[in-house]
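Modelling step: build the complete structure from the supplied sequences, incorporating the hints.
Top line first, the protein sequences correspond to chains A and B.
If you count by numbering that gives the first Met the number 0, then the first sequence holds residues 0 to 138, one letter each, in order.
If you count by numbering that gives the first Met the number 0, then the second sequence holds residues 0 to 109, one letter each, in order.
Calculated from the structure, these hints are not laboratory results.
Among the hints, erroneous ones may be present.
Said to hold, decoys possible - Here are the simulated SDA-like pairs of lysine to any residue, each with C-alpha atoms no more than 25 angstroms apart in a straight line:
(1) A:K92 / B:E1
(2) B:K68 / B:S40
(3) A:K18 / B:E1
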Amino acid sequence: MFQVIREKAELVHLNFFLKSIRDFIEKAGASEEKIFDVILTAEEILVNIMSYAYPENQKGEIEIHCQILEADGEKKLKCVFIDEGKFFDILQKESPDLSAPIETRSVGGLGIHLVKTLMDEVSYMRQVDKNILSVVKTI
Amino acid sequence: MEVFNEKKNGITCLRVEGRLDAAAAPAFEKALLSAIKEDSSKLVINLADLAYISSAGLRALLVGAKEIKAKGGKMVLAAANESVKKVFDISGFSSIFELQDSVDDALKKF
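Written as structure tokens, this is what we have:
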């Protein structure tokens with residue numbers, strides 16, 4: 000199974016991206032729990048790309064390659080997020096201090112922490128003018 | 000996402016219904032801050048009908064919690080489903096927020 004999802008990197012298209020990914024993994028037979036994890040991960044990555052790879056004065060698109068890999072009786076979902084925005088390595092963002100009390104707790108950085116926790120593998124590479132972020136999860 | 004301002008025993012209970020994602024979070028944050036402006040002493044957030052939350056929703060909750068705390072009040076979260084609870088656990092919110100299984104339990108915390 001393989002599918003390419005492509006749309007403008009704008010928040011109004013967030014639901015389109017997430018619904019397309021949901022349809023893909025539903026067809027692959029993933030449980031509701033796994034679907035939740037994947038959708039949450041996808042939202043965090045997409046919103047980060049929209050905010051940081053494409054700042055306000057820069058428009059562009061995001062392409063997602065979804066693929067089901069099967070080996071040794073295991074089914075894995077691989078999603079590759081590709082944008083042509085400025086260099087942005089989500090993995091370099093610092094995770095927040097999770098034990099900080101409400102008063103001093105930082106409001107940023109939670110998204111990437113969720114992605115790293117929910118996925119089995121997360122990797123980034125910059126290829127010429129593209130940011131390429133891959134995530135893999137057993138479903 | 001929709002937010003309903005309901006009163007129980009004179010305490011404001013904000014019931015949030017649907018999906019609290021990046022597109023919905025700004026409207027939720029606005030409703031939350033407006034409820035705190037009305038009454039900054041006691042607030043229950045009823046999550047029974049919340050199907051999904053992302054970091055944008057967590058940030059809105061944190062902004063509200065900071066605001067009510069700065070004003071000397073208290074905010075209690077109630078009735079989150081298993082998926083939402085998992086997001087709270089991963090993000091450390093379970094230890095910094097007061098989470099109750101039901102709205103009735105949350106009301107007893109004041």
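Proposed proximity, B:S40 with B:K68 (alpha carbon, max 25 angstroms) | holds, 9 angstroms
When you check the alpha-carbon spacing of A:K18 and B:E1, does it fall within 25 angstroms?
-> With Cα atoms ~19 angstroms apart, A:K18 and B:E1 stay inside 25 angstroms; holds.
Is it true that the CA of A:K92 sits at most 25 angstroms from the CA of B:E1?
-> Violated. A:K92 to B:E1 sits at ~32 angstroms, over the 25 angstroms cutoff.
The structure shown violates just one earlier hint, number 1.
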